[in-house]
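Enquirer: Chain by chain, the residues:
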Amino acid sequence: MSRQRDKAPEGQPLLDVQNLRIEATIYEPGEPPRDAVIVDDVSFSLPRGKVLGLIGESGAGKSTIGLAALAYGRGGIRLTGGAIRLNGRDIRAARPGELRRLRGEEVTYVAQSAAAAFNPARRLMDQVTEATLVHGLMSEREAKARAVELFRVLKLPDPESFGRRYPHQVSGGQLQRAMTAMALCPKPDLVIFDEPTTALDVTTQIDVLAAIKNAIAETGVAALYITHDLAVVAQVSDDIMVLRHGKMVEYGPVQQIIEAPREEYTRALVSVRQIDHVEAPPSPEPLMVLQGITARYGSMTSDVLSDVSVDLHAGQTLALVGESGSGKSTVARVITGLLPPRAGTVRFEGRDLTPALKNRPREDLRQIQMIYQMADVAMNPRQTVRTIIGRPLEFYFGLRGRKRDQRVQELLDAIELGKGFADRYPAELSGGQKQRVCIARALAADPKLIICDEVTSALDPLVADGILKLLLDLQKREQVAYLFITHDIATVRAIADSIAVMYQGRVQRYGTKTQVLSPPFDDYTDLLLSSVPEMKLGWLEHVLATRKMESAGN
Amino acid sequence: MMHPILTLLVQRIALSLLLLLAVSVVIFVGTEILPGDVARVILGQGAPEQAVENLRAQMGLDRPATVRYFEWLFNALQGDFGVALSNRRDIATAIGQRLGNTMFLAAVAAAFAVPLAIFLGLLAVRYQNRWPDRLISGVTLTAISLPEFLLGYVIMYVFAVQLGWFPSVSSVHGGMSFWQKLNAVALPAMVLTLVVLAHMMRMTRAAILNVMQSAYIETAELKGLRKLTLIFRHAMPNAIAPIVNVVMINLAYLVVGVVVIEVVFVYPGMGQYLVDHVSRRDVPVVQACGLIFATVYIGLNLVADLVSILTNPRLRHPK
Amino acid sequence: MKGMPISAALGLFVTALFFLAAIFAPWIAPYSPTQIVGDLWEPSSREHWLGTDNLGRDLLTRMIYGGRTTIFVASAATLLSFTLGAILGFTAAVYGGWVDQVMSRANDLVMSIPTLIFALVVLSVMPVTIPILILVIGLLDSTRVFRLSRAVAVDINVMDYVEAARLRGEGQAWVIFREILPNALSPLVAELGLRFIFAILFISTLSFLGLGVQPPLADWGGIVRDNREGIVWGIPAALIPAFAIVTLSISVNLVADWMLNRTTSLKGGRGV
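Residue numbers (our numbering), protein chains in the order written: chain A, 728 to 1281; chain B, 158 to 476; chain C, 868 to 1139.
If we strip away everything but chain A, and leave its shape as in the complex, we get (with noise of 0.2 Å):
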């Protein structure tokens, strides 16, 4: 029944673009709408069977590069310049009715978030059979079979009845899985797999991106993979194109880029968070002391923490590590005063700390400072920055005029920006600068304890490195303490100290840093330290071997 494609002849690439040109209309408020290019010269050959992952930072153009292969521009974006050639054909002049042929047949999509492109009206079954049956490749039945097929080997739970539900009943892990199937279910030459596991949790993203693997190499399917994270990429790709700004930036074997990358670019993002950091020892008296926390939110019947005791040393950074829902942040609420416990008490210098924010003196509420992950919504919009670090300096210190706007600019030497930056409003600041400012306020109380919830988690590699330097950097200068909540195990790696591994609600394991991450390890703790994708190939196999849990998702 199976249609006979077009093949591109023998020897000849799959898909080959050449010199690919995209420019895209962005419309500016306040501005007349002006034209950009968006990609520029990029060109590769992907043959029949191979995995070409597509790599940069948010803006390098890959997402764009990826769609382009299905003729696809999101928005005002339009495909202005090359060749894009798919089994021998350029498709950048397909009319519709080839275009239509050419999507869900030859080339097939997997977007990020599986929750946003599952239709919630629609079983899963009709959905992932949708495209075969539209363009008319299979009969219904041999449709469904190969769909219970791809079920079972991308080892969904119950693959005979798993397309009878809808997508909100089945969790995030398996609807990017059951996205997959959908991908792969009418045969197509080529899959386009953008940044697929990203918006999981590390424990989940690693059965996705095995079960994807295994796919690709059981159906023998060619595969573009965009991702952010080389580690990841490193795990499923044969070819490694590197991009920035949309151009190029290196591009050959997976090999040759993980161990000798040629361009600087490159080596900085293998060498990505491999920071040097000297474990301090704990001192005799900690600064903080949490004893037995318990706490639960408003009208919740179970509590979020359990029980939970950590000490934090002056000076040092304790590492919160856990997934979503773990209970990471609630600590950080319980200490500023957010929400009281239920149970147990913040010591801090020697004293326990007023429970409910209301009533704490003035002198607390300075000790202790907050660093968000979303730096854009930390920062009142309407506010310059010389207001947003000088509000605390005045509140605090009363330093005001001349004094209050030279310590001002002392603060932003401190976190690298200079002169110049006082007077932007924080829409005029990029990611990483707008994280800065955020240090910088905190830093302008002069506090002995900043509480950095996931900062790092919203930035780029490189500009997370860029903190995360400087942050350690500001903590040998100002003996500020840390705590550093993440669910990021590289970055624990980097700056930590001592580590506490929460799992629902409760420490799981806590010690010093080399205490933590020696083993023996109980088991929740192996699954996320193995979770954590590293620059290595083979890595991906060796931990699926190697494991002692599974993982929540399945």
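Calculated directly from the structure, the hints in this document are not laboratory data. Possibly wrong hints are sitting among the right ones.
What the hints assert, rightly or not - Going by beta-carbon spacing under 7 Å, a handful of chain B positions derived as facing chain A:
{"#": "1", "residue": "Ala372"}
{"#": "2", "residue": "Leu379"}
{"#": "3", "residue": "His391"}
{"#": "4", "residue": "Asn395"}
{"#": "5", "residue": "Pro470"}
The structure presented is a predicted model; accordingly, all values stated were derived computationally and were not measured. Here a beta-carbon is modelled for each residue, glycine too, at the ideal position from N, C-alpha and C.
Starting from the structure of chain A, add chains B and C where the hints point.
Expert: Okay, now just chains B and C, sitting in the frame of chain A:
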């Protein structure tokens, strides 16, 4: 254990009934307690004290407010709204016929407005930001800026006076055939259609655009689906709830617009009846009409809520 | 004001004209509003640019004075609805908890009765005077302002920068006036325009129904009511207020649209 969707529906209906009860209190309080002395207001400042006393006794105003409220409410529930102060006629009888007329007018207007609004909304989405969209937006913006009664006179001036196509006064009575009635309400129905069309079309456009910008529409497009297949299989199931919502909100709005339009075209409906008796300060009639209008309004909003609960896949197929 | 599009500038200009005409009515109007200067429904002429009305008064004069009444009532009602709605809305958002619950549910209750019907019910037992009209329109309309300002403030109140201010130990006054208000201002100002239009339409409708501004005082809705008999005879005098109302609403709308666009597109920073 009830299906969760049933629980939600029952809750929502109970909430509406509660709201209606509260509304009846507000209307009663607003008309009988606020001014302090209704009888005095009705008769005017110059009336002799004895006349005011008599009226007060006649209206039962000498009894406690709570007693009067419950009496009024229970009678109203049984369809008894008492008699009008101005002409001593039974209010329920008077309303019965007029309510029918008003519903007829509203139904005719809705029958034109709803399909037209959805069609124009789709058209505006199809040609988004091109001239058909801009034209529709411009016309609807003007229509929104015009009070209903003025739109009524503009249309009356053009179609009844200048062109002479339809009568300028819409009188209907029992002996008329359906077509005669339809001819009589042509102009007021046209005005009402225009009035709600603007809102309904704009909201439909926004609702469809919202659905069309979803990621799953892009997924469908990347499967190589035809535009029509895409709209019917993927956009429609998700657009129905917001569109029904839009339609219901605007029908509720239409019921209020009727009040003014009936006055313009001297149409014997509820609105005319209400306005007449407000100027005569005929409190029982105003209470009855207010309660009925509020009931229809709350009822239509309830239908909108029920439809969106019923069409939500998350609620229909719980985990 | 830099970078203002032509449409918004035009809207602002026309709106200003209307307000100036309203303020300086006695100096601009050619006749007295109550003086009978000719036959009834005279067509437009050099003496009477818009002709005369149903009693033989100069229609242009009636329109100018009518605009004065309509714009005054609408402005006063808008001011009332805005002050009341915004203050209560902010209070509900910042205090939250049961204060918010009580205020929001009461607001929902009033909003569940159609505005016009509610006004008619109240006006059936109240004396119809200008202060009462302003009060009724202002109070009923404040429910809409309450809903918007509460929603805007609730959105801002959960932002990390507000939490940061609270953690610093700032008082309620700083949070409301320095953190929330500057970010809520633009949508509220845009809403001000829309509420003003609504008030114009509302008072005109009430006057048309005979339950608004009472004769001999002129207002736009009243002019329609006075001259509606003429329509059937082909005399368009009743339609003239339509042009005034449409022009004013569209002008205010253009300005409001522009204000709103500025807020949604520009996430803070320069401007306003």
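Enquirer: Against each hint, give a clear statement of whether it holds in the structure.
Expert: Now the hints, each set against the structure:
no.	hint	in the structure
1	Ala372	holds (4 Å)
2	Leu379	holds (5 Å)
3	His391	holds (5 Å)
4	Asn395	holds (5 Å)
5	Pro470	holds (5 Å)
Of the hints listed earlier, there is not a single one the structure fails to meet.
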